[in-house]
Amino acid sequence: MAAFLGRRFVLASLGLFWLAVTTLPFLYLALMSLKTQQETYSASIWALPNSFNLVNYEEVLRGRFFTYLGNSVLVVSISVALIVLISSMAAYALARLKFRLNGPLFALIVAGMIVPVHVTLVPIYLLTREIGLYDTPFGLIGPYVAISLPISVFILTEFMRQIPKELEEAAELDNCGPFTKFFKIFLPLSGPGISTVAIYNAIQLWNEFIFAYVLTSSPDKRTLPLAVWDYQGEYQTNIPATLAVVTLSCLPLIIAYAIGQEHIVKGMMAGSLKG
Amino acid sequence: MTSISFSHVAKNFGKVQVIRDVDLDIAPGEFCVFLGPSGCGKSTLLRMIAGLEAAGAGEIRIDGRLINNVPAAERQVAMVFQNYALYPHMTVYENMAFGLKQTKVPGPEIKARVAEAARILQIEPLLDRMPKALSGGQRQRVAIGRAIVRQPKVFLFDEPLSNLDAALRVHMRSEIASLHRKFPSASVVYVTHDQMEAMALADKIVLLHTGRTAQERGSIAQVGGPLDLYHRPKNRFVASFLGSPTMNFLTASLVGADASGAAVELSGGERIALPVDARSLDLGARLTLGVRPEHLSPAADATAQTIVRPVEMIEHFGEFSFVYLTSGDGTPLIAKVQGETAMPADKTFRLGVPAGCCHLFGPDDLALPRVAGA
Ligand SMILES: Nc1ncnc2c1ncn2[C@@H]1O[C@H](COP(=O)(O)OP(=O)(O)OP(=O)(O)O)[C@@H](O)[C@H]1O
Ligand SMILES: [Mg+2]
Chain A
621 MAAFLGRRFV LASLGLFWLA VTTLPFLYLA LMSLKTQQET YSASIWALPN SFNLVNYEEV
681 LRGRFFTYLG NSVLVVSISV ALIVLISSMA AYALARLKFR LNGPLFALIV AGMIVPVHVT
741 LVPIYLLTRE IGLYDTPFGL IGPYVAISLP ISVFILTEFM RQIPKELEEA AELDNCGPFT
801 KFFKIFLPLS GPGISTVAIY NAIQLWNEFI FAYVLTSSPD KRTLPLAVWD YQGEYQTNIP
861 ATLAVVTLSC LPLIIAYAIG QEHIVKGMMA GSLKG
Chain B
15 MTSISFSHVA KNFGKVQVIR DVDLDIAPGE FCVFLGPSGC GKSTLLRMIA GLEAAGAGEI
75 RIDGRLINNV PAAERQVAMV FQNYALYPHM TVYENMAFGL KQTKVPGPEI KARVAEAARI
135 LQIEPLLDRM PKALSGGQRQ RVAIGRAIVR QPKVFLFDEP LSNLDAALRV HMRSEIASLH
195 RKFPSASVVY VTHDQMEAMA LADKIVLLHT GRTAQERGSI AQVGGPLDLY HRPKNRFVAS
255 FLGSPTMNFL TASLVGADAS GAAVELSGGE RIALPVDARS LDLGARLTLG VRPEHLSPAA
315 DATAQTIVRP VEMIEHFGEF SFVYLTSGDG TPLIAKVQGE TAMPADKTFR LGVPAGCCHL
375 FGPDDLALPR VAGA
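Chains as they are written, first to last, in the working numbering: chain A, 621 to 895; chain B, 15 to 388.
Note that these hints are calculated values from the structure, not bench results.
Virtual Cβ for every residue (Gly too), placed ideally from N, Cα, C.
Some clues are possibly wrong.
[As the list claims (entries may be wrong)] Restricting the straight-line Cα-Cα distance to at most 30 Å, the calculated cross-link-like pairs of lysine-lysine (DSS-like) are:
| # | chain 1 | residue 1 | chain 2 | residue 2 |
| --- | --- | --- | --- | --- |
| 1 | A | Lys801 | B | Lys115 |
| 2 | B | Lys167 | A | Lys785 |
| 3 | B | Lys361 | A | Lys804 |
[As the list claims (entries may be wrong)] If you want the ones that stay clear, here's a sample from chain A, every Cβ over 10 Å from chain B, calculated:
| # | residue |
| --- | --- |
| 4 | Leu644 |
| 5 | Ile665 |
| 6 | Ser671 |
| 7 | Phe686 |
| 8 | Thr687 |
| 9 | Leu694 |
| 10 | Lys718 |
| 11 | Phe719 |
| 12 | Asp755 |
| 13 | Phe774 |
| 14 | Ala790 |
| 15 | Leu793 |
| 16 | Cys796 |
| 17 | Lys804 |
| 18 | His883 |
[Unchecked claim] The following label-pair restraints were derived from C-beta to C-beta distances:
| # | chain 1 | residue 1 | chain 2 | residue 2 | range |
| --- | --- | --- | --- | --- | --- |
| 19 | A | Lys785 | B | Val84 | 32 to 38 Å |
| 20 | B | Ala191 | A | Lys785 | 28 to 34 Å |
| 21 | B | Thr117 | A | Leu634 | 43 to 49 Å |
| 22 | A | His883 | B | His185 | 50 to 56 Å |
| 23 | A | Lys718 | B | Ala147 | 30 to 36 Å |
| 24 | B | Pro139 | A | Leu694 | 45 to 51 Å |
| 25 | A | Ile823 | B | Thr117 | 41 to 47 Å |
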């Protein structure tokens, strides 16, 4: 009994500790964004804001925030849709079809995970200029899909391998060709795996900075992670406004998480198809 | 009316030949059971009929039509899988209707067929449930329902009852039998490794074997009605596979053979006469005498041929008892005796060995032929 209580105590403490590690930076961010520019310089950086002051938010929202938000939503939603479609189809083929280069092809795709994005920056920059997509939000979609595919294909292939073979055979007897099998059986049954992939990639791409920075230049074509640029001048930086814009960019993810939390957790623990 | 025929069918997985030289005819409307030990290729054979596995060699015909290259969906067969394979994301109704939708059966007819199948299987209240909200027996019914609605020419079952508990298994067994009576024109091919199930259900049992004998003689050990296999096993494998407890095998040497029968001498010196034609063998040949435990009985009269063996142990089941004895050469011997039996004072048992129930296996483990009229 004592041991049991002791274990619960340790677990609870670890949980609280982790909660602190993850939320304190965000709390700090949100609190600092309420300070005036004056306060940031005068008071200690640990001091609480003097008053509940939304002046930074006003400034941010009066600026180009909604343009960035729109671009981010556009780029991320199209990219994630493409990633889910392409990676689930690839995963189905890799998990279930028998063809000669199946193994090597899977290995090659998965090896894509170890390519650092930075080495691809210059060629992608040149290529994007070449095909006329430089400085458009759409120029981001190609690289975004490409860098996300390896891990997505990997996750979904492993997932689809778990789907019992008999289900596929039952579908075959039920007159399903490869496409019907994919859309009517594999896709619905991969729901948890697909939500994992969609959520993981949405978060990654929502926060993606380096491609957005390299492949766009005009402010009205840029995505949210670049919004901080607006408050960083050559001679001075508006720190609280920067923090306000960062807080605002986190907000959609936090809201989405709050709404979809149950799904997300299920997705992360996906893999069992029993029942 | 549908018949299925195999001629010279073989199947390899890589270098391993799992099915060898199968010749088999399944008559229209027949309930045919594939029986055999684990790994002998029962499922593989069934899956070849379904079209889920290609035949490596030979020809498979349904109603005379060669189907080796016909896609699974066009063979008009329906299969019930061991683990049911219900689509987990569809309701019971959708599970049953799915195949019909895929084959473009008109909507009202789908409704009617599903309703009819649900009525037959008594699963009407379950139609809106998801498979995970069903018990094992209910899932089994849905899986059978999914097969029925397709109105197939052939029903294929791959160990459909093996995931159910013992009581439910007996119940579902009788339901499957009555289902077969409701659809008399469809043939049924049913895979099991449970001999009780096979004996209870089959019109025809196809007993498969594996290993070296399968390599030499083909995968089929014997085909026939349940009682044929029980009373007239063609070889030692068939004799030992059917029946529980398994048949007793005693070493014997041939001491006489003529047109009316043969006589053998057991290791204890007893002579047993039996109506078997052993004239092809030399006197003194080492043979195996087979006799089922249920055919050994405490000898009532002194004229019957008997053997006397020491008793090791007796197990009582009320209705019958198992008497465990030892033979002179150390081979165990079991007798299944009706009613209760007390341990005799001298710890030996005199057992009658009825000639008509004895089997004699040659050095190649094949049963010797019966003399005409026996
Ligand atoms: N896809 C496959 N690849 C390689 N070997 C296979 C494959 N499928 C089956 N086998 C082998 O073929 C043999 C027959 O398999 P099968 O499933 O038909 O046996 P079974 O009689 O149904 O056995 P059980 O009673 O255990 O279901 C086994 O030795 C098995 O290992
Ligand atoms: Mg099997």
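Here's how the hints hold up against the structure:
no. : hint                            : in the structure
1   : Lys801/A - Lys115/B             : 13 Å, holds
2   : Lys167/B - Lys785/A             : 24 Å, holds
3   : Lys361/B - Lys804/A             : 69 Å, violated
4   : Leu644                          : 41 Å, holds
5   : Ile665                          : 53 Å, holds
6   : Ser671                          : 54 Å, holds
7   : Phe686                          : 39 Å, holds
8   : Thr687                          : 41 Å, holds
9   : Leu694                          : 31 Å, holds
10  : Lys718                          : 12 Å, holds
11  : Phe719                          : 16 Å, holds
12  : Asp755                          : 44 Å, holds
13  : Phe774                          : 23 Å, holds
14  : Ala790                          : 4 Å, violated
15  : Leu793                          : 5 Å, violated
16  : Cys796                          : 6 Å, violated
17  : Lys804                          : 8 Å, violated
18  : His883                          : 15 Å, holds
19  : Lys785/A - Val84/B: 32 to 38 Å  : 21 Å, violated
20  : Ala191/B - Lys785/A: 28 to 34 Å : 29 Å, holds
21  : Thr117/B - Leu634/A: 43 to 49 Å : 56 Å, violated
22  : His883/A - His185/B: 50 to 56 Å : 40 Å, violated
23  : Lys718/A - Ala147/B: 30 to 36 Å : 35 Å, holds
24  : Pro139/B - Leu694/A: 45 to 51 Å : 49 Å, holds
25  : Ile823/A - Thr117/B: 41 to 47 Å : 43 Å, holds
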